Amino acid sequence: MQSIQTVLILAPHTDDAELGCGGTIARFLEEGKKIFVAAFSTARASLSEGANPEQLRNEFHESMDILGIPKEQLFVYDYQVRMLSYHRQELLEELIKLRQQIKPDLVLVPSGSDLHQDHQVVHNEGLRAFKQVSIWGYELPWNHISFDTQAFVPLKQRHLDLKWKMMLAYDSQFEKQRPYFTKEFIEGLARIRGVQVNEMFAEAFEVKRLKL
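FYI, our numbering numbers position 142 of the sequence shown as 863, with every residue one higher than the one before it.
This list has only true hints and no planted wrong ones.
With a Cα cut of at most 30 Å, we get these calculated DSS-like pairs of lysine-lysine: (1) K754 / K792; (2) K754 / K852; (3) K877 / K754; (4) K852 / K932; (5) K904 / K755; (6) K877 / K755; (7) K852 / K824; (8) K886 / K824; (9) K792 / K932; (10) K932 / K877; (11) K755 / K818; (12) K929 / K877; (13) K932 / K755; (14) K792 / K904; (15) K932 / K824; (16) K886 / K904; (17) K754 / K824; (18) K929 / K904.
Simulated from the structure, these hints should not be mistaken for lab results. Because the structure is a prediction, the values reported are computed rather than measured.
Input sequences plus hints: build the corresponding full structure.
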């Protein structure tokens, strides 16, 4: 992956990058790649009653601080959760600005088989905006009926430890007791993907476009 030096992760919501490819982000940073993350909704409407409306934005920045990603490489938008389809063209125009500004070698998007309406919009507009570079779809199994495991990024325990540490920043999500927001799930899925390629751990991706 030496040809990949600049990576942009598109996250529909502020925790999707960590969940879908947090271990890969940790490994890529270790290898000296430059990482940018764009999150399109802080999902204020999903917060508990009385919560700070900026909680998920703050948690996102805390999470990214753990890996030392500079704030100027982070982009957070305020589109309403589950309403991205109403802002498709506006979102596409923002993605084109990011393409011109960042010029990524690889873009990571939600999988094409992800059924969440916001994730579908980010996937489709991501393909439109970045069709001339490599695009991989990351895995969020609770949103999938199926998933094509076409590319694997082997990981070490230290990468998974960093992924979990990033997730620990999201107090708002632990309050909901979601089954995928557990260390057992994160490590279990990484073990399954690792077994598929004779590694201890891995994260899997579908390949939408590969430019070598």
